[in-house]
Amino acid sequence: MARIRLENISKVFSGNVEAVKNFSLTIPEKIVVSLLGPSGCGKTTTMRIIAGLETPTVGRVYFDGQDVTDLPARERNVAMVFQFPAIYPNVTVQDNIVFPLKAQSLSKEEIDQRVSEVVRTLDLEGVLNNLPRSLDAGMRQKVAIARAIVRKPNVFLFDEPLTNVDPEMRVELKSVIKRLSKELGQTFIYVTHDQSEALTLADRVGVMKDGLLLQYDEPGRIYDRPANTFVGWFLGNPGMNFIEVELKEAKNKFYLMSEELCYLLPYWAGQAIREKVSSKELILGIRPEHIEISKKKKGEAWIEGMCALVEPLAGRRILYIKLQRKEIRAKVLPSEAVAEGEKVWINLPWQEVRLFSRESQKLIELNSGGE
Amino acid sequence: MPPIQIENITKQFGEKKVLDEISLTIKEKSFTCILGPPGAGKTTLLRILAGLESPDGGRIFIDEKEVTSWTPTQRGVSFVSQLFVLYPHMKVYDNIAYPLKLKKIPKEERDRKIKKVAQFLKIAHLLDRAPSQLSGGEQQRVAIARALVKGAKVYLFDEPLTNLDYKIREDMRAELQRMQKRLGQTIVYAASDPVEVLAMSDNVVILDGGKVEQVGGTREVYNHPQTLFAGTYFGYPRMNTFSAFLTRNHKRVVLDAGSFSVDVTTLRERFLADITEYIIAVRPENILVDEDQPSAGIILEVRTLLSEIIGSDTILHLEIPGLIEPVRVFVPKAYPVSPGKRLWICFALKDLFVFEKKSNKLVCQGEEVGPH
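Keeping their order, the protein sequence lines are chains A and B.
Going by my numbering, the first residue of the first sequence is number 1, and it counts up by one from there.
Going by my numbering, the first residue of the second sequence is number 1, and it counts up by one from there.
Some hints here could point you the wrong way.
As the list claims (entries may be wrong) - Here are the in silico distance ranges between beta carbons for each label pair:
1) A:Ala-86 / B:Tyr-87: 32 to 42 Å
2) A:Ser-10 / B:Gln-12: 55 to 65 Å
3) B:Ser-259 / A:Lys-102: 41 to 51 Å
4) B:Val-254 / A:Arg-179: 32 to 42 Å
5) A:Glu-117 / B:Tyr-335: 24 to 34 Å
To be clear, the hints were calculated from the coordinates, so they are not data collected in a lab.
Don't be surprised by glycine CBs; every beta carbon is placed ideally from N, CA and C.
Whole structure, please, built from the sequences with the hints as guidance.
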């Protein structure tokens, strides 16, 4: 168990590549934190700094309040599982699992007990005498996880462990990791570029881009209230739609205006925006699955469009809807879909609309007082 | 533009038969996906169509002319591979211009064509850059632009999106579909991701072990898979399957899957007397999940293994007591459920498929089995 604190961490690699930029993060004990971002965002570097495999150029790392910045990896009692499982190919699964314990002075009983516990937890009885190279990538990764947990480390670090695993096994490993995180009550840090892994496994998600931590929150909140337009776009399949709008006030009413729409705001929201942001230039964001569609104009607020393209997926349809100039994506149930070339009306429910500053691209937090 | 005709194509590498008597007609101006797992023979088939590989037997017709012995250039087809290669010392503009220069297209016309295709693929702002300055997705778009600018009649794409980040894949799917609709070429596209196929193609060829499993309109094949492989491979999440035994008593013919059974008396003549093993299958999006016991359809009590959140939707992996393989359910909303939680699932007879276990062939499905 360890509470981890990163304080103002920066990492500059040779050639002046700044992988991580002035980064602070607190990871409470016993939770799963996922660092999520596109390749090159600095997530792996951050994890390697926590592990002690990389020294930050600036900043300090604390485990339970103790400064471990200069402590080498082996003294931090962390276990890592990588994209390519770090196991010995020429010794049996059993020996692979026992090996990390040999360095610790443990009694034979203790070793046997720990190994059998791990083997049971991960359901590895059937392959104990196999050599790793006879196993598929998913099973090898399971053996790597077994090697990690048998040491009883304080912190588990996972670096894209499912990337090379086939889809069926990926689900099983996700289940295993989810279950272990609950049973072991340890701190898990899970690095991935795959939003579904982060949303499925983590209690907290840190979204990274260009070495910066953009948002650190519960998965539901990250998805629902993205801190900026990048997070809104990066999460979701497809990501959030954005329309550039301008705040207009007329006859005691507030509107968001653009070529495509004239969106009447609740009065309180208009006032709140006017107070919070000096510029009137905003971005309206809405997730594709929150757009309502209809073949008839159902009310004043409904906007006319044309369905330009349909992607019929298994339980969903993605509609590309052309408005005046802009095109937006709506994700609907198969029963709601319209055909390509058909006229369609859309509605953007206010409770699902997120507003961002066009200058900073940041979310404008509005108290939902008047909803 | 007449179609592509493939007649009895076979190809063997050493001992391994990669393509086994493949015959296909590709409709003109259609977007046809060849879907299959790695090793199915997709790439070999495309390379034979392109003229990069010659078949051991069989014939290829393009535009009603036999082209089996023609060179790639003579065939007038364009090939985009998964491992696209750009010339690193040339700017993006010159990379796209290269095939036009070879064809000695005048400079002005060249320029017009390049700008048009660049705008279409949203790379107009990148024309002055070197390939090394581009992201993977941008590089792949340049490779596609270079293939497009040639103005070929037939485009062959070999899993062009496989190595790209999934956010780019989402955008590229729509762009490729639009491009084909606007320019009206014939596209043959090898894919291993069923989602890409559903999203983009008009027609699908399902290939496994060098043999064609099923050919048809994309929705047609999805809604009416003729083999268990076509049903399970073409769909994500994968179709659920239950082993069932045929029992006959008192004139009733019933498929018994252990946890539920299906009366198939009205279709008894489809079930041969000496065959007792069948597979009942249902797609994940046709299963409803509930916290209370539902009242209609086939109802099963399950235990949650994992709730996999994929943004707007959830794939639930559920365990049925006594069954090893978990059941997958597609829920069109974010639905976090703790592992271990008890739930109910239900599905309708009309959404079932019945396959014969030994031959893997469809016996009956949906509306034939039960009420709407």
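We went through each hint and held it up to the structure:
| no. | hint | result |
| --- | --- | --- |
| 1 | A:Ala-86 / B:Tyr-87: 32 to 42 Å | 38 Å, holds |
| 2 | A:Ser-10 / B:Gln-12: 55 to 65 Å | 58 Å, holds |
| 3 | B:Ser-259 / A:Lys-102: 41 to 51 Å | 47 Å, holds |
| 4 | B:Val-254 / A:Arg-179: 32 to 42 Å | 38 Å, holds |
| 5 | A:Glu-117 / B:Tyr-335: 24 to 34 Å | 33 Å, holds |
The structure meets every hint from the earlier list without exception.
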